[in-house]
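Asker: Below, each chain spelled out in residue letters.
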Amino acid sequence: MADYIIESRDLTAGYGKAVIIQDVNFQAERGKVTAIVGPNGSGKSTFLKTLFGLTRVFNGNVIFDGEDITKLPPEVRARKGLGFVFQVNNVFPNLTVRENLEMGAYARTDKEQIKKDMEEILDIFPILRERQKQKAGSLSGGERQMLAMAMALMGRPKLLLLDEPAAALAPKVVTQIFMKIRDIVNSGVTVILVEQHAKRALSFCDMGYVFSSGRIVMKGPGKDLLADEKFVEAFLGKR
Amino acid sequence: MDLSIPLMNSLTLGSLYTLMALGLTMSFSVTKIANFAHAELVTIGGYVTALLVNWMGYGLGESLIAAFFASALLAVAMDEGVFKPMIKRGSKPLFLLVASIGIGLVVRYLLFIYADLNAVITVQAKANVQLIGRFGRAGITTIHLWVFPITIASVVLLHLMFHYTKPGKALRAMADNEDLARVSGVKIYTLRRLMWFIAGGITGVAGGLWSAYSVITPEIGWYALLRIFAASILGGLVSFWGTIAGGLIVGFAENFGITFMNTYFNVSTAYRPLISFVIIVIVLLLKPTGFAGFDFIGWLKEKMKGGGE
Ligand SMILES: Nc1ncnc2c1ncn2[C@@H]1O[C@H](COP(=O)(O)OP(=O)(O)OP(=O)(O)O)[C@@H](O)[C@H]1O
Ligand SMILES: [Mg+2]
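As you go down the protein sequences, you meet chains A and B in turn.
The first sequence begins at 0 in numbering that gives the first Met the number 0 and counts up by one.
The second sequence begins at 0 in numbering that gives the first Met the number 0 and counts up by one.
Treat the hints with care, since some could be wrong.
[What the hints assert, rightly or not] Computed footprint of chain B on chain A; a stretch qualifies when at least three of its residues, placed anywhere within it, have a C-beta under 8 Å from a C-beta of chain B:
| no. | stretch |
| --- | --- |
| 1 | 65-74 |
| 2 | 80-90 |
[What the hints assert, rightly or not] Which residues of chain A face chain B? A few of them, derived with a C-beta cut under 7 Å, are:
| no. | residue |
| --- | --- |
| 3 | G15 |
| 4 | A17 |
| 5 | L53 |
| 6 | F57 |
| 7 | N60 |
| 8 | M102 |
| 9 | A106 |
| 10 | D109 |
| 11 | F234 |
No lab work stands behind these hints, which were simulated from the structure alone.
Yeah, the Cβ is synthetic: ideal placement off N, Cα and C, and Gly gets one too.
The shape of chain A in the complex, shown without the other chains (with noise of 0.2 Å):
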């Protein structure tokens, strides 16, 4: 049987008393990219939220690492291994850029080791060192975006969660960003993918899942449902 890292069953949510995702089953394995893909509205990053306990659960759980974690809040499930990347409103924007990446690494208590993975991270994001004492709300598109994926991975996540991350992007910069997640997912973060951009994210993934109207109308391996002609035609549009 394969490792979940995270699972949903029967999930049923939303915000106040609008329900937004009806009974999604979803599976993420442990070490591998899972993407989620499907028209505008269609209740993906409500998903994503839900998962990290930012909307009202009607039915249904959320399952992490074996243990359900359903009615946790989402500080308590940061401290459990979660990161979440928001499509948008992703870093404080009167913070400093250092200042969000302390933010980041919040729930840890390794001092010295936070020190070293600040090194660390402004070694891979060159641009947030040369911007560290800027504000936040200062920084350009892709500069946020890179910011915001930096900062969730301050806090040493087990699983991150990725809510269009290259989303209104110069081409150059998704190049990058894509190479950045790549290099996530090697050094053993489980990650989940929201993608707009269904066929860069299905080529890009293992596990692929579209979601219309709040519910799961396909899955399967990115690849094969990249050869599907049905998905092809529904949502690629007919080539």
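For chain A, the structure is supplied; the task is to place chain B with the ligands on it using the hints.
Answerer: Leaving out everything else, chain B with the ligands in the frame of chain A:
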């Protein structure tokens, strides 16, 4: 015309307004609640101080510490009892504002009943005030030796806390983006309690100093609220340094403004509060961000339209 008296009054009142406004700036920036019951945190601090000094014979210092705790606890109770449950049910900022007016009203009238029963509708802490020097015609007293250092120390300590300690930075992070703070592992409810405690406490001390400086009534906080908001709004509602500038500007504008208008236009000094009101309107019209980069009006407009991404 001798300006030493309005100058001294301006500085003293400006410091007191600053001290009263620091807590409002702090609680607004973190929770985004425009807390009208902030007024009562001033009043409670004033009464605790006055009654401990007058009835129990405590020193001013001890009484101010008691005032700190009384207002700190009241602030935490307001949040735990009313604001937090409302927010958890998805209340909009406007409802929270209305609720805060309600809390203020209840506390104020309970205090009225108490003060009436005990014949302390007007009271002043009979602290041991001595003249220690003169500045022109204005006297410098021991009260000034309390007011100025406490105000300066509060601003400096808050600045250090918010920029150099872990909880302080986390509070700034919460002010920016609460969800992001949570996924970073910040225990937002614990920090929020700490924030209300400190904000309430400082406000209580401000009220205590006020009661030693002049006569107070159960409405003293309500009466000062306009100035407190003016000071805070001048500071953009987010910046402690901005709040000092705001407090002093309100203090100076009121005293010099009213002295000027009284001398040259024979305007009654009773119109003094109008000056803060004019300041608020002008700032909100011309520079809603005050001295800091916060767009209060834009933020309010957005919130009035209702939440959502
Ligand atoms: N905070 C919120 N409160 C209420 N409804 C929301 C909230 N956030 C999103 N929604 C609604 O939930 C639905 C799904 O939105 P979601 O952001 O999860 O979709 P998505 O698949 O991530 O879309 P996109 O590709 O545009 O990012 C939408 O109809 C949206 O309007
Ligand atoms: Mg989304």
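Asker: If you check each hint against the structure, which ones fail?
Answerer: 4, 6, 7, 10 and 11
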